[in-house]
Every structure is written in C-alpha cells, then in structure tokens.
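Dock chain to chain to rebuild the complex, using the hints, since each chain is given by itself in its own frame.
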Amino acid sequence: MKPLALIEAAVKKPVFGCQMCGQCVLHSTGMTCPMNCPKTLRNGPCGGVRPDGHCEVKPEMRCVWVKAVERAPRTPWAHELDDIRAPVDNRLWDTSSWANYVTKRDRVVPEGWRVET
Amino acid sequence: MSRLEEAVRAGRLVLTAELLTVDSGGLDAVHERFAPYEEWVDAVNATDNTAAHAHASPLAVAIALKQLGMEPVMQLVCRDRNRLALEAEIAGAALHGIENICCLTGDDVTAGDEPETRRVFDLDAIQLLVTASALAGGRYLSGRAIDPAPHLFLGAVENPAAPPVDHRVARALKKVRAGARFLQLQVGFEREPLERFMAQAVATGLAEQAAILPSICLVRSPKALRFVDERVPGISVPAELIARCESAADPEAECFEVACELADHALSLPGVRGLHLISFRREAGIARLCLRLGIATREEREMSGDRPRVVV
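Chains A and B are the protein sequences, given in the same order. Reminder that position 47 of the first sequence reads as 57 in the numbering used here, one-by-one numbering, no gaps. Reminder that position 58 of the second sequence reads as 369 in the numbering used here, one-by-one numbering, no gaps.
Simulated from the structure, these hints should not be mistaken for laboratory data. Since the structure is predicted, the reported quantities are computational estimates derived from the model, not experimental observations. What you were told as hints is all true, and nothing was included just to trick you.
If the Cβ cut is set under 7 Å, some of the chain B residues that face chain A in the computed set are:
#, residue
1, 434
2, 470
3, 497
Between beta-carbon pairs, the in silico distance windows are:
#, chain 1, residue 1, chain 2, residue 2, range
4, A, 124, B, 519, 20 to 26 Å
5, B, 343, A, 81, 47 to 53 Å
6, A, 93, B, 514, 20 to 26 Å
7, B, 514, A, 88, 17 to 23 Å
For each residue, glycine too, the CB sits at the ideal point set by N, CA and C.
Looking at chain B on its own, in the form it has when it is part of the complex (with noise of 0.2 Å):
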C-alpha cells in the first residue's frame, strides 16, 4: 500500500505538492525540486505535460522521485495518449512500484506552446479511471489478464469554480464511482465556490468516499497572479485580489498572506482532507506555509496520528 494510500485510509491529514515541470537535469534536478517541503508531504505530483507544454514524461519523473526516496503520484492526462498508451503507462508505473495515479482530463493543446498538435482524448477522466480500475482488477480493456494484478490507488481532479457549478460535485461523484480514492481540487482564489462544493460534498457523502484536498498556489508577485488569471484555463483570480497585492507595501509577502489565508479557509472546511499544494517557483514557500499554519511535518502526523482540523 502507498503511503499516500495509508494517510487516507489512516484518516491523517494529507499534503500532497505539485512538483515542478523537469526538462533536464538528472535526479538532481528533480531532487532540488521537493527538498524544500520534502518533510511535509506525503507525495509528490509527477506532472503530464501541464497547460499542454512538452516536459520529462510522468513516468519517468515518477520513477525518479521513487529513486530519491520520495513517493510520487503520477498524473496521467487523456489528451497526448490513445486508450493503449494510457494503459501501457499505467501498467508500466506499476511495474516500478507507482501505485498513486491522478486520471485528468488535460488542458486543450491550444493552452500550450504547440497549438498545432493533434489532440487525441480517445478516453475521457471518467473511462480512464475505468481503464486503471480494470487494469488494478487483473485486466486490460480487452479483457486481457494481468497476473499479478497491480495495487493502484486512484485518484482525480474536480474544478468547483467551473460552470455548471452545481454539476461538479454530481461528476466528483462519476469519478468515485469509476475508482477515484482522492481528488486534487484545481486552484481557485475565491471562496464561495469552495465552500459550495465542499458542502455538497459532504451532504452526498463524497467526502467520505475519496479524500479530497483543495489545492493552494503560492505565487511570488501579483504579475503572476495575473498570469494565472489570463492564461490557465479553469482559474480566475478576483481583481480585488490582485489589487490587494499589488498595492501591498511587500507584493511578495501580500502573495504569500493570501496563500495563507486561503490554506487556512480550506482546513477550516468540514470535509477537506488535506492540502495539494503548488508553488511555481519558491518550493521553499510550501514550507514557509506549512510551519505558518501550524501543519506537523509528516513523521510526526504518522507518529500522532494527526486529523484534519474538522472532522466530519
């Protein structure tokens, strides 16, 4: 069982962290990466080609977090891969010992620097999900055995801030009855959508069902907060907020108040499991955060025990 499986099924608080994309570098590069925040989470998102950018394959950061001791999750998105790649990759993560698999979606290839890609989606999240579930049953899609079956832990992304605002929760839903376990909320900077969603979540019993953890992203200065407001798709940050900081005596330290005062809302949620964090550029912010919010390190949660602030 993966450890990120174990916290879940422990009823710990879980921090997970996004790591940042990797294009070359060896393992340094990849270590460099987590070892700020390292003691705080439980795994670590080995990205897929994020907002349809082209960087070290999942699988392959995956295996290298494996080799320098850190527990990835490795994110798999249906818009570069046919329904047998995707399932050769998942099959392949588990021959190194990569149970956590995040299923998305993907952002369209227009969000990235290639525009010009043909973009595939053979499956969508939901029938991935269905895929690996199959697969960590001891078949492919075919119905072809796999003997032993991989152990996976699955898990999924939902976006409460998008419309139709009040079908998400019903789809989260559509995600754990494909096999979802956990759900990485995507980033979002206001609080009334988290707040509906979480409510909901809970009156469904969602929150029972996977784990879910609301992602926090710590920006260094208000440009990029505009930045995620005007070019990644699903996120839109209030203008207020970006006035806020950018009339701020310290735009670095507002920025990182807000990441503060969201992670705080968010722990405060009945429901929340724990934290994705998402840090572009200042892994040592995910630390910063951490200590400022009173989050034990991850040994001593396996040590205590330690529970989400509000349990349900």
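Here chain A stands alone, though its shape is the one from the complex (with noise of 0.2 Å):
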C-alpha cells in the first residue's frame, strides 16, 4: 500500500471495519461499512439475514445492513440509502478511496451501466 493509503487504513479499520475497496460509500450506508457483509452487499440486505436481525453467515454479527438502514436516517445523506451502487472495480482495492474521491476514480462505471433514476 502506498503511504496515503496506509494512513487511512489506520484510521478507518479501526473504527469502520474499513476492508480498503477503494472506493468507500460509508457515509450513503450509515456510516456502516458495506463491505464487512460475507456477501459483500452494496445495495441493500440479502434475503438470509435471521429474525434476531443478524447474519445468514456469520450469526454472531449483526446485519451491517440492519444497522445501516437503522443509522442512515440521523446521517446528513439519509436520502443516499436507497441508491444503486455499482459493481466494486477490483483494480482499487487497497487504494486510498480519499486519493480516488478527489481524482473521482471511485464513480468511474462500466460502460454499459446506465441505472433509470
């Protein structure tokens, strides 16, 4: 990892769960960090998650997006919640999303995404 990028995963593992995709989207999901669900899900909770409000996969862990869905409303960006995210780029991992937010890297879409709004 290059310097800027070891810095931010120094600050947001710890506090996020941060996984370094490069292209974070924290703050339109809660501030609850998509990419700690085993499915990686950007758009929303599988169909799996149990009654308690915890994982299909990992029972002992909360639905990151029941929380999401519960945390969104006090965020600034609650209207981001119900967005269509696309596919993750697997060129940006372990790439600082800071460096690919500026640059705007990190809304780069494939070409053939088009998403009715």
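In structure tokens:
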C-alpha cells in the first residue's frame, strides 16, 4: 500500500472495519461499511437475515444492512441510502478512497452501466 | 414475448412453480418433475444451485424445459459466478430463446454441503439486474454491443419476513428500478409480514410496477416443516403451526391444509398478482392445491383473461 492508503487504513480499520476497497460508500450507508457483509452486498440486505437481525453467515454478527438502515436516517446523507451502487471495481482494492474521491476515479462505472433514476 | 410476460402484461392471474432440482436422468427426469402440474403454471423455475448445493445448471435445465414445451424462468444467483460468467449465462440463455431471468443474491456457501467453496458475489442481485437490463438494451457491461439485442423479461426475489422488514419494499423498488418486472417472494409461513409488505407495495406503487407472486411451500410432513425452519436461511416456521400439524390425526393432510390456507390468504391481499408454488416432494400437491382453490388451468385463464382476485 502507498503511504496515503496506509494512513487511511490506520484510521478507518479500527473504527469502521474498513476493508480498503478503495471506493468508499460509508457515508451513504449510515456509516456502516457494507464490505463487512460476508457477501459484500452494497445495495441492501440479502434475504437470509435472521429474525434477530443477525447475519445468515456469521450468526454472532448483526447484519451490516440492519445497522445501516437503522443509522442512515440520523446522517445528513439519508437520501442516498437507496441509491443503486455500481459493482466494485476490483482494481481499486488497497488504494486510498480519499485519493480516488478527489480524482473521481471511485465514481467511474462500466460504460454499459445504466440506471433509471 | 414470453408466455409469462404476456400473462403479466395482460393482467391475468400468474402461476409459477419451482422445479425440483435435477441431477441426472435426462429429459425424462425433467419432464416427470413438472408433468403433474403442467396444465396450471405459466412458467417453471430452473433453480441455480439451491441452498448452495450443486445440481444440473439452470441454463441446461431451462433449455431442457423449453425442449419439453414448458416455459422456463432461469434463476441466476451471484454466489457462484463472476460478472463475466453471469453475462455469458444470460446471453447463452437468450440464444436459446429463454427470456425470463430471475436474479438473486443467493444463499451463502455455508448453507450448502460444500461450505469450503470460495464464495464469489462479484455482483449483487441488483447489480445483476442492471447488467441483465444492459444486455437487453444491446450492451454488455463493458459497453460492447450485442446485435440484435436479446429480449428479456427480468424478475427478482424479496423476503418480506427478513429484517429490516420495513426496508424490504424499498429494496424491492430498487430491484424494479434495476429492471425487475416480476417478484417471486420468499416462502413465508406467517401472515403478518406478507400483509405488511403488500400494504406498503400497494401504497408505494411497487405492486403496479412488478407482478408480485408470494411463494407457497407444500410439504408432506411436520418434520419437513422443522427442516425448513432450522435449515433454510431466511425462513422461519411458527412453532404453533408445526405443533398443529404434528398433533393432527393425519399430519400429511394437515400440512396440505396449511398450504391451502396460506395460498388463499395470499390471493386475498390487494396487489397480489398470482403465486409461486414450491413443492419439496409431491408435485401432485400443486395440482391439488389449484383444484382446491378453484384456480383455472392456464389454458382457461388465457381464454377467459382470468384476473387476480383483488385488483388494485
């Protein structure tokens, strides 16, 4: 990892469990990192969430999307919760999402990606 | 246009069923699975490694269904394939005239009998829908052209009973924005989550934008109910219901009664456009359930333009 990515990881890993996907959407998902979902779902909870709100795969963990839906209304970005997020660009792992935000690299989507708004 | 799309567009009552998994036995094995309820359903789902257990691939089974004169719905889950493989599967299906594609996230590998498998989830269900919509619009995700563009009729699944329950309609609306035009709901054994989901679906307009088909699960024994409750992710069966079936004089008949009651209840809810029927063992149960509920055969529905019971 480059120095900026190392700093970002040092700050965000302990607080948000950051996985360094390099295309951070944390603010739009109630400050809950969707990359901590075992299925890395960026567009909402799967259908396997347990009745107690815990994860289908890791029963000891609360579903990240249950938390996201709970917390998002208390953030200034509540309106972004139901945005349709593009697939992860797997070339960006371990790069700094801060740098990718500034260069807008994190918002580059495949040419064929079209979403009705 | 597929038969399913036509039924949805015409506003007719829609019935789909889930084909029991196929491992071997050729076309005969596929045919014997849907033969008992052939007359009733508009289309049959070729499932994609259900509960993370390997079976004959959904594309292969969908082609077999088509060869046997049954309309397929090809399920695709995101667990086992990356985006390239998913796009290839959709293009391949379209090549064979398979238009109905149901896009799911998929149960995790830990639900299956090979939990050591690498899980993929390169896309999620919503991203898969957007990708399939791109293909139907004549483009791969990369933007590379497919000419002529395949005609597709896309669907998805939503689970009204899984937390966060009040977010499920919002998520289903995302799926509609991504291209879904039918929704086969996850099996539920409780009435309240479905009632709540349908009320919100009508209020938000979801029910108009996609044909919502609650799933009804037919089982033969209270033991099977227990299995579903304990082993299938996202489905719980109320203890009272299991107890009721266990203490009945004829447990098998009681399990059938439960399914009939749930189907009848689902059809009575505003916004419901039909049913998705799942029978774990006895496919004859699907035909019996249709007879019991007075559901006309597909041909009769096509002739009469039979409507859902409650029109919004």
